[in-house]
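A.B. asks: This is what each chain is made of:
2 protein chains.
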Amino acid sequence: MSTQTLDLGRTSAAETRESVANFLEKFLTEKKEKAVLPQAERLPQILAEFLTGGKLIRPLLTVTGWVAAGGARDSEQVVQVAASLEMFHAFALIHDDIMDHSELRRGRPTAHRQLSADQQGSGARHFGVGAAILLGDLAFTWSDEILHRADLTPVQFASVFPVISEMRSEVMLGQYLDLRGTGNPTDDVESTLTVSRYKTAKYTVERPLHIGAALAGAGLGTMDVFTAYAIPLGEAFQLRDDLLGVYGDARTTGKSHLDDLRVGKNTTLVALALRAADPGQAALLHELIGNPSLDEAGAEQVRKIFAETGAKDTVEEMIENRYRESVEALDGAPFAAEAIHALQDLARNATRRTS
Amino acid sequence: MSTQTLDLGRTSAAETRESVANFLEKFLTEKKEKAVLPQAERLPQILAEFLTGGKLIRPLLTVTGWVAAGGARDSEQVVQVAASLEMFHAFALIHDDIMDHSELRRGRPTAHRQLSADQQGSGARHFGVGAAILLGDLAFTWSDEILHRADLTPVQFASVFPVISEMRSEVMLGQYLDLRGTGNPTDDVESTLTVSRYKTAKYTVERPLHIGAALAGAGLGTMDVFTAYAIPLGEAFQLRDDLLGVYGDARTTGKSHLDDLRVGKNTTLVALALRAADPGQAALLHELIGNPSLDEAGAEQVRKIFAETGAKDTVEEMIENRYRESVEALDGAPFAAEAIHALQDLARNATRRTS
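Each protein sequence line maps, in turn, to chains A and B.
Heads up, the first sequence is in numbering that gives the first Met the number 0, so the first residue is 0 and it goes up one at a time.
Heads up, the second sequence is in numbering that gives the first Met the number 0, so the first residue is 0 and it goes up one at a time.
The hints are simulated quantities; they were obtained by calculation from the structure and are not laboratory data.
Warning: the hint list may mix true and false statements.
As the list claims (entries may be wrong) - Pairs of lysine to any residue, SDA-like flavour, derived with a Cα cap of 20 angstroms: (1) B:Lys31 to A:Glu165; (2) A:Lys31 to B:Ser164; (3) B:Lys33 to A:Lys30; (4) B:Lys311 to B:Arg351; (5) B:Lys33 to A:Thr193; (6) A:Lys30 to B:Glu165.
What the hints assert, rightly or not - Counterexamples of contact, computed for chain A against chain B with all Cβ distances above 12 angstroms: (7) Gln76; (8) Pro108; (9) Val188; (10) Thr251.
Stated by the list, open to error - Every beta carbon over 12 angstroms from chain B, so not counted as near; a handful from chain A, in silico: (11) Pro43; (12) Ser74; (13) Leu133; (14) Gly182; (15) Asp186; (16) Met222; (17) Asp223; (18) Asp248; (19) Gly253; (20) Asp277; (21) Arg352.
Note that the Cβ used here is the ideal one computed from N, Cα and C, for glycine as well.
Here chain A stands alone, though its shape is the one from the complex (with noise of 0.2 angstroms):
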């Protein structure tokens, strides 16, 4: 993402990062240093360490809300509506990597995989677990006090705490589908959209515009005009991630393309490749995915049938699609043509990336 053409005034995308991860360093300094408990200053430091390296793409697009709905430049309320966010989603991806059995997060070994380390014995590995699942309810915890300290008026409050209220129970409810439907993959296309819908088109593109947007007191056309272009692209994002979730190279993604594989995600590229598959390519695709031992090979081999079936090719197509969607729901959208730059590049970077 070039810093120039998501010049947001002075609150430049790299500046915002900047901004966002500098308050979370200082918050969780504070925390670490005025402990309730001295004796868990090990979660703030795990959760210190686990933000970073992260996209920061909400925080951005709250921003991008915020300035496009005309609000200030170089504005501590909403870097720290942003940090929030950010927070929040430490959390959720805390208990994700727990559900998803993930092993690697960022380029590190994922939270209950390194507060396993911390016991010694057979009950290592559960205490890794519950100890990540504290450490996540903790950073909700945080991400709620963060949203709190920004100092918001009465008003501003009353029209952020809704959504971000909504924005909450959609990606759990949205998670709790995609771990129903994990293990047990399926050709039904529409539900795998649906959990996309939720678990990632709200969750990381309309609703932290909305929320920008609301802090700066935008209207029900503002909204619209952000739903239209964030829900197909938020599953662009998703599809894009299937497919890194396979193809990635973890040294750019940070994830093993092993790991939804074997927990058996059942994303749309696999409901796509099952719905196509002859009767030899489903078996074969029903017993390599979701076998927790499966190896590079099997992998090559589900890769194999994702092409042959036209799976592969069809998700790049919908990403195509959904991308140039996204881009023209900005068309004559009311915003200054820095946002709607802005707008373009996110939807280019995200439906575009490696990482």
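Got chain A; can you put chain B on it based on the hints?
C.D. replies: Coordinates of chain B only, in the frame set by chain A:
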């Protein structure tokens, strides 16, 4: 608990319980009917069931703190804040039960066990745990939503929120320390009491009183009286819980009296027994406590050592001393006589309960 002595004007304990329970039932019915994702209706359904049968001790203390600090009777606000704490407690229990491998809660299978039954095959257990993590997360989200719907004035909110946030962190950090000690019991009595202070005394007694009082605009003097009352009472409450965890009748506690021993919970009772044990007794305790397949006969052996080492009697004595200290803290407190009576009753019931 008699209705008479707990009669806080028209807001008696029974009425408080009923108001809170009704509010939560209505809230969850609305969540089911206007579901964000109707396919996920199972989650509010389980939560509604989970919320029936609780002792509602935190809501009662919230209302008591409010009335003691001069809050007006029949306030819908305080009922909603109390309901928000009870919903938060559901979150905490659902996650705790996962960490503690508990099988029973309030006489029913724990949430993760109920959710496991929704899935077939080898992944069922893992699904149950993941879905219960999400159910807990959702309860947290909804507890926050209830708090914000309570229509507090900005001044009330600014007084109450920091206490709520502190309470959330305290219980999570206390639970983390508890988890870290579990499976590896020691004779460190002090550290078991630190865990009780954070996980129970502050969370169950002190903070609910503070929250009710803050809502009514109480000053620091009132807060200090509540702290002096709450900390010994809360420790006594936890010590009683530790005894019930080993000696309680599942028909009245709703929990198995093998769970704590099987998971190897490092309670004050266990620490005292280890401190006083001879080498033979200590070896036996280490062998039996934390053994996941401990049976009734093994538990009997443990109970025998708790008696022989005097640990059981010491815990009873500690409860009695703390009970007295707690009630004495009320001497000369500037509260209405009815509030003092309610607090005295609560202290008696919390330390002498059988469930």
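A.B. asks: If you test the structure against every hint from before, which numbers come out violated?
C.D. replies: Of the numbered hints given earlier, those the structure breaks are 3, 11, 13, 14, listed in rising order.
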